[in-house]
Amino acid sequence: MRRRLSLAGLLAAPMLWLVVAYLGALAVIFATAFWSTDPFTNQVVRTFTLDNFHSLLSDPTYLRIIARTLLIAATVTVACALIAIPFAFFMAKVAPRGIRGLLIALVLVPLWASYLVKAYAWRTMLGPGGVLDATVGATPGYGLTALVITLTYLWLPFMILPVYAGLERLPDSHLEASADLGAGNWTTFRRVVLPAIKPSIAAGTIFTFSLSLGDYIAVQIVGGNLQVLGTAVLQNITLDLPFAAALGTTSALIMVIYLLAVRRTGALENL
Amino acid sequence: MRLTTRARAGLWAVCAIVLSFVYVPLGVITINSFNSDRTFSWPPPSLTLKWWQLAAHAQGPRDALRTSIEAGVGATTLALVLGTLLSFALTRYRFFGSGTISLLIVLPIALPGIVTGVALQSVIQNVLSPVFGISAGLFTIIVGHATFCIVVIFNNVTARLRRFGASLEAASADLGAHPLTTFRLVTFPLLRSALLAGALLAFGLSFDEIVVTTFTAGPGSPTLPIWIFNNLFRPNQAPVVNVVAVVLVLVSILPVWAAQRLGDNAAAESRL
Chain Z
1 MRRRLSLAGL LAAPMLWLVV AYLGALAVIF ATAFWSTDPF TNQVVRTFTL
51 DNFHSLLSDP TYLRIIARTL LIAATVTVAC ALIAIPFAFF MAKVAPRGIR
101 GLLIALVLVP LWASYLVKAY AWRTMLGPGG VLDATVGATP GYGLTALVIT
151 LTYLWLPFMI LPVYAGLERL PDSHLEASAD LGAGNWTTFR RVVLPAIKPS
201 IAAGTIFTFS LSLGDYIAVQ IVGGNLQVLG TAVLQNITLD LPFAAALGTT
251 SALIMVIYLL AVRRTGALEN L
Chain V
272 MRLTTRARAG LWAVCAIVLS FVYVPLGVIT INSFNSDRTF SWPPPSLTLK
322 WWQLAAHAQG PRDALRTSIE AGVGATTLAL VLGTLLSFAL TRYRFFGSGT
372 ISLLIVLPIA LPGIVTGVAL QSVIQNVLSP VFGISAGLFT IIVGHATFCI
422 VVIFNNVTAR LRRFGASLEA ASADLGAHPL TTFRLVTFPL LRSALLAGAL
472 LAFGLSFDEI VVTTFTAGPG SPTLPIWIFN NLFRPNQAPV VNVVAVVLVL
522 VSILPVWAAQ RLGDNAAAES RL
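Chains Z and V are the protein sequences, given in the same order. No gaps in the numbering here: position 140 of the first sequence is 140 in my numbering, and each next residue is one more. In my numbering, each number is its position in the second sequence, counted from 1, plus 271.
Same shape as in the complex, but just chain V (with noise of 0.2 Å):
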């Protein structure tokens, strides 16, 4: 486009300063868990690996990331067979009110958090541990982070199924397969980055997510970011509390840098 050099100039500054606003932020904390002051002064007087070492040996956030990792593990699972047999049903078929399911499945995460969260919390306090004792716990997170998550592993397995089509599983069948054959050396094959960038970014979307979270774990079971969050005004906690922050950034990313490297460009987008 013809731009003046002013317009041209002022839009470069302007990309500057978003990045470094965006970047800033996110590299003073990682800065800062390396400050050898307790109190984050800055500019930091000197630097240490102190605050690694003690968050390495604490024993809150160890058991907080256990217990997020086998949260983001369960509810993935979970996501990946309900958000792939969404998939299936609502590329392949076509039938009355697919319109409906469809924003169905984008509600969870459309709507405001706090309102799942206080609902999901209300089932549990009333249904769930008066009819069938179960409590506020792992089970419960896993319930809240899968209905969330469903809707990353539908986008990504969707996307793929319609690049696809359905004319090689219909070459398959035309060939004699059983269908369980067909979906075992036909569809699965196809599907199979695509499901494994859908659990990368379910997972990253399951690890770091708080707003659903503090309403449906219970006081026993933090996860990370719940450990964090209760620490955070602790300021005796703060270097351990932010080591823990810069992990939690890293863990959240790095699946999605593998998950875009894995399946289609517009993986990463999919949490819009």
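Only chain Z is shown next, with the shape it has when bound in the complex (with noise of 0.2 Å):
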């Protein structure tokens, strides 16, 4: 019984503020995805409907909104794994033991600089004028391009973590076993590599899905005037918000149904 009560006694305080300030304000915002906005006075009206998600799957300009953010998220994702599997196999498995822990800091530390500045850092390089242009002689400009190169710079490492930690549970005996039995290096990795490590590819890719699905400043520092789920969040929240919400809802439904997709790799077990 005292072993309950000081129990109930640490998750009180923790608890009242996870389910009362996240979870309670999390459950306004998908119930105001079922209310509308009175077009006359711009005032929230609190009776259930499906309008929202009614224009929003009838409005071409939403649809196009959707699948390009769909289309940027997967890129990015394919990018991200595309860079990160051999620079996290070079780490694990190629570089020399002593600098790995340097390999390991040096990809850590710009996770934790500050996202605004990456991307600001992006808008400069990627500008008219600016480093690309004046060292390459061209630049991709701001927009679709940029916006991927950018978002694929601010989550790679979010990729290469798990998909390192995954090769590093990975014995060097199977890479030998496998190179006994004739496999050429890239058999070797096709068949042995990667296999072992799809669930901590899996763990990556939901992060730089989850990521890129839910940017919106990115966007507006490097996109041009491209429209993503994000930005369409950001134009209707001060005027129509259930709308908004309703936007919300979408991209948070789309991140649980890709969740569900990747939970069957084994993927939430190496986050």
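I should point out that these hints are in silico values taken from the structure, not numbers from a laboratory. Predicted model only: the values in this text are computed from it and were never measured. For every residue, glycine included, the Cβ atom is placed at its ideal position computed from N, Cα and C. Watch out, some of these pointers could steer you wrong.
Claimed, not checked - A few chain Z residues that face chain V, going by a derived Cβ cut-off under 8 Å, partial list only:
| # | residue |
| --- | --- |
| 1 | L10 |
| 2 | T32 |
| 3 | L116 |
| 4 | V131 |
| 5 | A177 |
| 6 | A179 |
Unchecked claim - Which residues of chain V face chain Z? A few of them, derived with a C-beta cut under 10 Å, are:
| # | residue |
| --- | --- |
| 7 | R279 |
| 8 | F305 |
| 9 | A360 |
| 10 | A381 |
| 11 | V394 |
| 12 | L409 |
These two chains come separately, so use the hints to put the complex back together.
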């Protein structure tokens, strides 16, 4: 009984905080998605309606925005994986032991450097007359390509770290065995390494996908006047909160579907 | 591993390319903060300390810096208390629903930040300001930040508690110490560096947060990242913005560096 009391004492304050301040807020926003806005007074009308989702799915503009956001998130995820896998493999299996710690630190430090500043840095890199323009003589300018580059840059460490952790767990002897059985480097990678780190890659994609899906700051900095889910939420928030809530719910829903899809790979245990 | 020379060379090249991809943009803004040209023409025509001096005397970034520090300290303090309580509850007790609670702790950083931000904003608009008279400002920034800082403290303290187990505390109790004495003489000293590491990381996270903060900060109290974002598109502010950006990188990296030296090596990875 005393144990139960002290457990309750430990849990009371934090649970009150998380449930009231956080879950409560989330519940309010999901409820708001099913309300509407009076077109004359701009006041939120608190009666249940599916209008927001209906107009969302019937308006080609918003369908295009959702498709574009998904495309960006998918491209960024694939780009992160393509860069992270060889790099993490190098870190875990090729680099001399002495410099591994240093490499990890080098990957971690920018992860903590301000998100905003990193997006800003790419703005100066990609801008007309910027570094890329001056050294290479060409720049994609602000827009879709710039956004994909910037987001890949921003979320890359989130992919490198789980993949590295997965490779660390893969014993070197498996690679040796594969080579002894006559497999070349590429075959070993495809048949031994890749299946072993699949859950880790999936764990990394959860971050890259979710973070790309919810981004609305980098888009404004390097995306020119590109529209994605995040900016659409932002534009509607003052005038039509229920519609903004419906857009936010949609991105949360996409994320839940994605989580359920990758759960089968065992990704959630590798977070 | 036995790699062909070509594969090995290729991987070294990948490493070099990735690291330069990661560091060149950060290097460029650092150099640009000394670039004498107002529009950052590249390469810099000459170097100057003018912008650093200008930024040091600018009122906007100073006020924003103060807000950021206050918000960081407030959120870190709250998160320290709540996160530590949670990790004691979840490591020292087995109970129904503990899995759900650990999921709930991670949720604020797993869901897209904009969802959390919009949710908090609608609470401020619909509940806090009409019912309690609290409008968006420092207090609401702290509430938002604390919500996602809890997980950082929780991860650090939980890792430490798992490592030491409960046997030392049991021994202290067997020797007749009051629970408070045990906490003061046994548990707290064991946790001290984990708490400090967690606090530094939480502060770093709070210091550069912008996604949630845009929705919880009022118009009168921008944090440093918000100040940068608001001035990002004003060409005449560009040099000062750039200096502030470099400062922001340094200030958010230093705590992580310190935390890594202090705590468990996994500490800095707990952002994940």
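Structure-based check of all given hints:
no., hint, in the structure
1, L10, "holds, 4 Å"
2, T32, "holds, 6 Å"
3, L116, "holds, 5 Å"
4, V131, "holds, 5 Å"
5, A177, "violated, 11 Å"
6, A179, "holds, 5 Å"
7, R279, "holds, 6 Å"
8, F305, "violated, 14 Å"
9, A360, "holds, 4 Å"
10, A381, "holds, 7 Å"
11, V394, "holds, 5 Å"
12, L409, "violated, 16 Å"
In this structure, the earlier hints numbered 5, 8, 12 are contradicted, and the remaining ones agree with it.
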